[in-house]
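K.L.:
Chains as they are written, first to last, in our numbering: chain A, 36 to 141; chain B, 490 to 695; chain C, 1090 to 1344; chain D, 2 to 581.
Hints are computed from structural coordinates only; laboratory data are not their basis.
Any given hint could be a false lead.
With a straight-line cut-off of 25 Å between C-alpha atoms, the simulated BS3-like cross-links for lysine-lysine are [what the hints assert, rightly or not]:
1) D/K310 / C/K1149
2) D/K526 / D/K450
3) D/K534 / C/K1146
Covered by chain A, according to a simulated footprint, are these stretches of chain D (three or more residues, beta-carbon under 8 Å) [to be verified]:
4) 221–233
5) 264–277
6) 456–469
Note that the structure is a prediction, hence the values are computed from the model and not measured.
In this text, a Cβ means the ideal position worked out from N, Cα and C, and glycines have one as well.
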Amino acid sequence: MSEAHSAEEVQKHVRMYMYIFGTLLVMTAVTVAVSYLNLSIVPALVVALVVATFKGTLVARYFMHLSGEKPIIFQFLILTAVFLVFMFILFIWALSDQRGVASYVS
Amino acid sequence: MEIPYTVHPRPDTGVTNAKVGIWLFLASEIMLFGGLFSAYIFLRMGAPEWPGTTMSGHYYASASDILSVPLAALNTVILIASSVTIVLAWASLMTNNFSKYRIYMGLTILMSFGFLIVKSIEYSTKFEHGLFPSESTFLAIYFVMTGLHAIHVIGGIVVNAYLLGPGAKMWKTNPTQYTNRIEVAGLYWHFVDIVWIFLFPTIYLI
Amino acid sequence: MFEFLDISEYMGMPAAGSAHAPMVDYMMALVHWLMFILLLGWGVYFIYVLFRFRAGKNPKASYEGAVGKYSKVQEAVVILAESALLVGFAFPVWGQLKNDFPAENTAFEVHIIAEQFQWNIHYPGEDGKFGSRDIHLIDLATNPIGLDESDPAGDDDLVMVNELHLPVDRDVIIQLSTKDVIHSFGVPEFRVKQDAIPGLVIPIWFTPTLEGEFEIACAQLCGLAHYRMRGYVTVEEQGVVDSWIRQMIEEGAAF
Amino acid sequence: MTNTTEHDHHHELSFIRKWIFSTDHKVIGIQYGLTALFFLLFGFCLMLLMRWQLAYPGDPVPIIGWLFSDETMPGGVMLPEFYNQLGAMHGTIMVFLGVVPLAVGAFGNYIVPLQIGAPDMAFPKLNMASYWVYFIGGVVMLSSFLVPAGAAKAGWTSYPPLADIETMGQTMWLIGMFFLITSSLLGAVNFLTTIIQLRTEGMTYMRMPFFTWVQFVTAFLLLLAFPPLEAAAVLQLADRLIDTSFFLPSGLVVSGEILEVSGGGSPLLWQHLFWFLAHPEVYVLILPAMGIVCEIIANNTRKPLWGYKLMVQSLVFLGVMSFVVWAHHMFITGMGTGLSTFFQITTMIISVPSVVILSGMFLSLWGASIRFTTPMLFALAFLPMFGIGGLTGLPLGLAPTDIPLHDTMYIIGHFHYIVAPGTIMALMAGIYYWFPKVTGRYMNDILGKIHFWGTLIFMNGIFMPMFIQGLAGVSRRLYDGGQTYEFASEVIKYNEFMSQSAFLLAIFQLPFIVNFFWSIWKGKKVDDDNPWKATTLEWSATPTPPLAHGNFETTPVVYRGPYEYSVPGEESDYLPQNQP
Ligand code: HEA
Ligand code: HEA
Ligand code: CUA
Ligand SMILES: [Cu+2]
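The shape of chain A in the complex, shown without the other chains (with noise of 0.2 Å):
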């Protein structure tokens, strides 16, 4: 993509990094905050993933200029979303299906 940028454009995305780079700054300290409302366990990660999604999102898409990137880039992502997917669902289901209980309690 490197030539499809011109050099104004370019001083445009500066300027856009540094909005996210602000962004990024406050949610790093939203989830912090959070952190010291002892909230119980759920909504605690509840909030911690959802702001660090969105962090990521933010880095993935324009950091790393995700937002305009080819189609061929999202297949591979999108691919490698699913069985990750796959593979978190199936753990936690394999744990919650397994027969037996803790022989060992300390």
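Could you slot chains B, C and D with the ligands onto chain A? The hints should help.
P.N.:
Same frame as chain A, now just chains B, C and D with the ligands:
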């Protein structure tokens, strides 16, 4: 014959070889850290005890009590900032400003070292308190996941340092390809950043 | 109804010794029928084709090649047969083995604690209660499973090495665990096999229907002497089992 | 990322740059091929020792027994420790150091760029790195036999806790695996980029030869399935070296001593991560073989592959599904009804595309004009052999019938039918088929046919009785073959027959080895760049030898599908892809 599409994108896919290669590599990295995250979930859900839980009347100190959240937050900021500088380094090359590029790239590498220094302070305070990986599954996964991430940071430093040092010769001979290389290095570096963005809350905060 | 399909006795499997074994065998026979038919069909076709279309006989190949729906039909048959096996046999049998446990008070229950390289078998004795165990009390020579002597429930317990006695025609529940690495409790005659996973106590159940002495084979690689980690199951009348347990306790086999 | 102009300058490169640290995909392919053949032979020798022990438990190994140390074979009699080392290393070497490098590293590297009309792989230096990382991995694995207490002995599956408490060889195994995984990952990135980016003009996806398609899917499997095993290997290494307990639950007592670890881990976690790789991995073992067989069948039947499009679709479907069947290796670990239902269904589903692909190969024979060349014989034998291996996967994929079969010789029979008379025969076919491409000479046909019949007969002699033993309940990985078991008494006698078949199989490999080396220098020269009258692009490339002088004089342009044989109305019975 030369290998085509090293500099200019292939018309039907619209991307260069290096772009395809790095994204494929990142896909495999996603599966690597994905595997570790699912291991983390598996262990945590099946564990008899975990920081922040109460088991048979005994409360286990939570993750944020054991680990240093301020240091990790500082590291998050450092990594995010280095992500910004590396993309600015690329932008400088795009606008043909090599000296500015050198500053940004240098900053990126400096901050990567900063990250590692903070990390080693973190580790050594853990060790001083007798908190070794063998202590508990939680500490084990903490050390292994952050350790593997740190190895990725080191890898990034090596690549970036090469590109800033000996690799910079290419700017004279083939600036387009050099810019592409910086972009690719940047993609890797952003990925390392994203991994940390997920590691930070999962390990330190919840 | 389709008993004639049951070729399991020609397949060299050991005699079926438990209530669910005939189901497993029947299913095994059906799968092998499916395999056999596919193999035979394609095999005959294959040999015919090799003769008929050799270059010497058929110098000019046909661009079109095979036409017709044969392969579609074959695929449909495979899909149907596999679905029938899944729905008709696999799910119900597995469900029965995993979910339909017999009531605790009617079943004969033992604990088996595997270790490198033996099967420790813990009988509750007459009170039907298992004495509690503690790994800190384990002593290889005198107390291999760490039975807690201060627990009265364990007073009449019997711990035997490699000797499992089970009543015939009565539901048996085994609580399977292991002290060290993964082992696998397999008795070919019962069509029973279960890995013993460290950290877990896994229940299994079955109903022995055949009297006699069988072998317990460890099926999972567990170290040097995996090959001789062998136990014995004796299936006999309930009364005989009870008196055997009493006799063993009297002989001082109990810990 | 890499810019190699060096290799097409028409000046001689130094010996080292040309043959050792070459970046030319053809040289690297040959390097991979020779190394992998060495490992195949090595794995075969390990297995011969095991087969001796299985047939004659406790008898000293003849002729070479005295060569071994007292820790392994005192007086030539094998110890159980050593048997377990041989088993684990045979599996590991065959899978990771033999078949995959030969099928992907060698054939893929050499053929794929030629088949798509590319000047080289997309990243030649990375390609070189992949080979050398693989090489180091191999050296680490081999040297693990020399460390105290010998090589890994917890099976190729390395299940903890056993693997966690094993001796140093297991650490070496893990380190070796790191190298092999890294090599495969780099290779996969390279293959995918090459196939996506470097297809020549006119080479659309649906005009790619089936072999290239197969390598494409295989590379995806490697790319996405290996990393979780890498993660697992990191965890196991941590367990072994820094005393963590990822795979160790609390309260383990080993040999009467309480294990001093924190506990809290899960042995099943390893199994999930391992099989998440290892099931896709078995398709990595079979798909390239299928690709080779398809090429040879199309060429020697002189007609298009039947249902090319359907086969490609099945292939892609197979690749995707192979990620969601892994736990069928774990039915016996205590899996409940929900998960087992899911995995039984997916396992049955995945057998369907295999049936479609195999049917396609069978139907390709209809209306053909079959030339029984040596490569064709091997390729034809692949079909029923893979059929038997694949079909015996069905009773394993249904949980209730897996109960009596799990971890018995039936399993060993199942997968060996696929990988030995299946994959190995297909790889042999590939060697005979592409040998003229690589060396400009044919391999000897008579020796080839002797090799073929000997291999076919004795492979079956080894593996067929395994099903009988397995149904009778004989476990695998038994140092004495299970001779002490009463229920095995009827079937244990086959062990001797099987082992003798194995020794005869070894003897029938000699013509091959002789043929291979003799033909490199003395084989009959090809009189034509396209000796098999094939359509795919590799036969239109600049003839080799000499090597390392680029692939095509001018960039080829592709005008048609890969298998235009016996097109009606054409004079010649084949139309190369690049013929206008
Ligand atoms: C290349 C290797 C390979 C391949 C392709 C397969 C393919 C399959 N495998 Fe196999 N498998 C292994 C290698 C392989 N496997 C290994 C190495 C192990 C053991 C690992 C260990 O524990 O160490 C194993 C173990 C294994 C198990 C675990 C058993 C256990 O441990 O209890 C299971 C269970 O479901 C299974 C199932 C299947 C199935 C359903 C297929 C299907 O994909 C098969 C589909 C194919 C067909 C259905 C054939 C179709 C044929 C025809 C239609 C025509 C026939 C015609 C003629 C014969 C003329 N395999
Ligand atoms: C790709 C995988 C692969 C291949 C090809 C083979 C090939 C063979 N295997 Fe192996 N095997 C495994 C993978 C493989 N195996 C695995 C994963 C296990 C399980 C391990 C475990 O339990 O953990 C196993 C276990 C295993 C066992 C069971 C051990 C036990 O449970 O106790 C046995 C027993 O007979 C066996 C036998 C054989 C035989 C006779 C061959 C033969 O078919 C070999 C044929 C080989 C050749 C014919 C070599 C040809 C090459 C040449 C001649 C080289 C030429 C060289 C030049 C020209 C330079 N294997
Ligand atoms: Cu216990 Cu094998
Ligand atoms: Cu599998």
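K.L.:
Checking each numbered hint in turn, tell me which of them this model violates, lowest number first.
P.N.:
6
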